[in-house]
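Taken in sequence, the protein lines are chains A and B. Sequence positions in the first sequence follow the working numbering and run 1 to 302. Sequence positions in the second sequence follow the working numbering and run 1 to 278.
Watch out, some of these pointers could steer you wrong.
Stated by the list, open to error - If you want the footprint, here are the derived chain B segments under chain A, 3+ residues with CB under 8 Å:
id: 1; segment: 86-99
id: 2; segment: 149-157
id: 3; segment: 197-204
id: 4; segment: 209-215
id: 5; segment: 250-256
In case anyone wonders, no lab produced these hints; they're calculated from the structure. Where is the CB? At the ideal position from N, CA and C, for every residue including glycine.
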Amino acid sequence: MLMRASTLTARTALDSTAATGHKRFNSWQMWGALLLVPYVLVFAVFVIYPVVYGLWVARNPESYARLFQDPVFPRTVVNTLIFLLVGVNLKFLIALGLSGFFVQQKRWIQALLLLFLLPWAIPSIPTILSFRFMLNPEWGLINNTIFRLFGIDGPGWLTEPTLAFASSVLVHIWKSLPFWTLILITGRLAIPTELYEAASVDGASRWQQFRFITWPALATLYLTSTMLSMVWTLGDFNSVYLLTGGGPGDQTHVLATLGIRYLRIDQLDLAMASIVMAMPLVLPLVIFMVRRLAAGEAKLAH
Amino acid sequence: MRKYLNEARLFLIGLPVFLWTLIPIWHLTVLSFSPKDDVTAGTWLPSQFTVQNFEIIAGQKHYYLNHFWQQFGNSLFIAVVAGLLTLLIATFAAFSISRLKTRGGSVVMNFALATYLIPAAFLAVPMYKVMGQYGLLNLQWSLILAMVTLASPYAIWVLKQASDKLPYELDEAAIMDGATPLQILRLVYLPLMKPSLVAIGTYALLLAWNEYLYAFLLLSKDSDVTLAVALGHFLSADDSPWNLLMATGLVYALPPAAIYYAFRKYMVGGLTAGATKG
Numbered sequence: 001m002l003m004r005a006s007t008l009t010a011r012t013a014l015d016s017t018a019a020t021g022h023k024r025f026n027s028w029q030m031w032g033a034l035l036l037v038p039y040v041l042v043f044a045v046f047v048i049y050p051v052v053y054g055l056w057v058a059r060n061p062e063s064y065a066r067l068f069q070d071p072v073f074p075r076t077v078v079n080t081l082i083f084l085l086v087g088v089n090l091k092f093l094i095a096l097g098l099s100g101f102f103v104q105q106k107r108w109i110q111a112l113l114l115l116f117l118l119p120w121a122i123p124s125i126p127t128i129l130s131f132r133f134m135l136n137p138e139w140g141l142i143n144n145t146i147f148r149l150f151g152i153d154g155p156g157w158l159t160e161p162t163l164a165f166a167s168s169v170l171v172h173i174w175k176s177l178p179f180w181t182l183i184l185i186t187g188r189l190a191i192p193t194e195l196y197e198a199a200s201v202d203g204a205s206r207w208q209q210f211r212f213i214t215w216p217a218l219a220t221l222y223l224t225s226t227m228l229s230m231v232w233t234l235g236d237f238n239s240v241y242l243l244t245g246g247g248p249g250d251q252t253h254v255l256a257t258l259g260i261r262y263l264r265i266d267q268l269d270l271a272m273a274s275i276v277m278a279m280p281l282v283l284p285l286v287i288f289m290v291r292r293l294a295a296g297e298a299k300l301a302h
Numbered sequence: 001m002r003k004y005l006n007e008a009r010l011f012l013i014g015l016p017v018f019l020w021t022l023i024p025i026w027h028l029t030v031l032s033f034s035p036k037d038d039v040t041a042g043t044w045l046p047s048q049f050t051v052q053n054f055e056i057i058a059g060q061k062h063y064y065l066n067h068f069w070q071q072f073g074n075s076l077f078i079a080v081v082a083g084l085l086t087l088l089i090a091t092f093a094a095f096s097i098s099r100l101k102t103r104g105g106s107v108v109m110n111f112a113l114a115t116y117l118i119p120a121a122f123l124a125v126p127m128y129k130v131m132g133q134y135g136l137l138n139l140q141w142s143l144i145l146a147m148v149t150l151a152s153p154y155a156i157w158v159l160k161q162a163s164d165k166l167p168y169e170l171d172e173a174a175i176m177d178g179a180t181p182l183q184i185l186r187l188v189y190l191p192l193m194k195p196s197l198v199a200i201g202t203y204a205l206l207l208a209w210n211e212y213l214y215a216f217l218l219l220s221k222d223s224d225v226t227l228a229v230a231l232g233h234f235l236s237a238d239d240s241p242w243n244l245l246m247a248t249g250l251v252y253a254l255p256p257a258a259i260y261y262a263f264r265k266y267m268v269g270g271l272t273a274g275a276t277k278g
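With these hints in hand, go ahead and build the complete structure from the sequences.
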């Protein structure tokens with residue numbers, strides 16, 4: 001009797017677990033969907049619709065014809081490519097070297113690292129404006145100092161198109177170098193020190209240590225970061241706009257500032273067309289990076 | 001001897017790095033404490049140390065600074081609301097994708113990642129027009145929502161990575177006790193995620209505080225704009241009071257700099273965790 005009762009209770013208990021299990025599954029999926037709604041809404045309303053609308057605005061081939069007739073456009077494309085290929089790669093070469101410097105655990109170097117992070121920690125507007133004023137050819141700090149030291153007039157940092165563009169690239173590097181150096185430092189810190197100890201016992205030179213230990217360990221991170229930085233640099237509006245405003249003579253624009261320039265003069269189709277022109281560059285990078293980030297995440301989950 | 005040689009060589013790298021990093025910031029600070037006459041002198045030190053610029057700012061005694069406190073408040077309001085909203089939306093999404101294993105969650109994650117990689121200045125163009133269609137243009141909510149849009153993808157990604165690392169046994173134990181998904185979220189998930197939530201909230205807050213392009217596109221009235229836009233306004237005239245501009249810039253830059261230093265370990269962690277494994 002007692003046994004029957006207990007099996008009975010066990011049975012009902014089992015049934016009810018199955019039932020709640022089933023209900024649980026449903027209610028979990030329901031709550032899961034419900035909790036995703038806010039982001040999906042934001043995404044649909046502020047990403048999908050604007051992108052679709054923008055592409056629809058840029059559907060007319062005539063917009064592209066007009067874009068190519070604008071003398072500013074070819075110069076902008078060249079500038080953008082230089083910004084990405086020269087600017088970003090220069091930044092990463094410096095970051096690679098500096099990460100080797102900052103990885104050393106000396107107290108003064110670690111103190112310097114804290115200072116070195118300042119450009120990244122400070123909002124870019126005040127510092128870019130500081131650069132702008134410093135580089136002013138007539139009364140800026142740099143040319144004044146050059147005049148005082150050498151008695152000659154310094155170059156027109158912001159009035160000479162090539163120099164003005166180079167200055168924008170430098171400002172961009174100044175701003176984002178600390179972040180990427182920090183990323184490469186964490187990459188270097190992950191390399192086991194025993195490898196270097198063994199190598200120096202074997203009499204490996206510094207270059208050999210870099211070539212056969214550091215670089216193989218850092219290569220993936222270095223390339224991933226370079227690509228990420230290229231995509232983001234395409235969207236760097238501030239370094240150019242706040243320093244040169246695209247001038248002199250609209251000769252220092254990049255695609256990011258040109259798009260906004262068209263928007264400001266109410267030429268939405270040209271703005272969108274200039275952005276669409278960047279898509280062959282952006283899309284492969286985005287697809288590649290989404291795969292890589294999603295894969296990295298899967299690995300982390302294990 | 002060799003030791004000193006090595007130290008000297010390191011110093012030869014350290015000194016240029018030091019100068020390169022600090023000269024623009026030094027220049028910003030020096031001008032902030034300089035009288036008006038110093039502006040065109042191009043000197044490394046103020047001819048006379050003064051806090052007059054900050055008095056003018058605090059008293060709103062200049063044409064460009066008539067709305068300083070209002071604009072400071074706008075920046076703060078927009079940053080805080082955008083930070084909280086991002087936190088709310090991203091936490092829900094990350095919990096749903098990572099813990100409830102909602103169907104379609106990984107698709108949403110991939111779309112979010114793609115958004116994260118779209119250059120912000122490109123999305124700004126159609127977003128500006130669409131905000132006009134929604135009737136949000138010139139309202140601070142347009143900037144808040146734009147910032148939430150830009151901050152959520154990274155927030156979801158980082159929070160999802162952190163969530164995946166929490167042991168599932170915790171959820172299972174809670175389920176055995178009859179907890180509903182919302183109870184798990186509130187009683188198990190949120191307390192364990194606290195460090196990541198602090199970091200992500202800070203990230204979104206700073207993103208919104210620092211934003212210039214979207215702010216100057218979406219807002220226009222002097223009493224509506226953020227400090228970032230107000231700083232840009234100084235450029236509209238040739239005879240700008242640069243010492244005042246730099247002092248305002250310093251006031252604007254200090255809060256985020258302080259926060260960055262306090263949280264810098266969290267800030268860089270999420271991105272590197274993903275990137276090193278990739």
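Hints and how they fare:
Given a C-beta distance limit of less than 8 Å, the hint that chain A covers the segment 86-99 of chain B holds, as 8 residues qualify and 3 suffice. For the segment 149-157 of chain B, the stated coverage by chain A holds: 4 residues have a C-beta nearer than 8 Å to a C-beta of that chain, and at least 3 were required. Residues of the segment 197-204 of chain B lying with their CB closer than 8 Å to a CB of chain A number 0, which falls below the three-residue condition for coverage. Interface restraint, the segment 209-215 of chain B with chain A: holds (4 residues with C-beta to C-beta distance below 8 Å; minimum three).
Counting residues of the segment 250-256 of chain B whose beta carbon lies closer than 8 Å to any beta carbon of chain A gives 4, which reaches the threshold of three, so the coverage claim holds.
In summary, the one numbered hint that this structure violates is 3.
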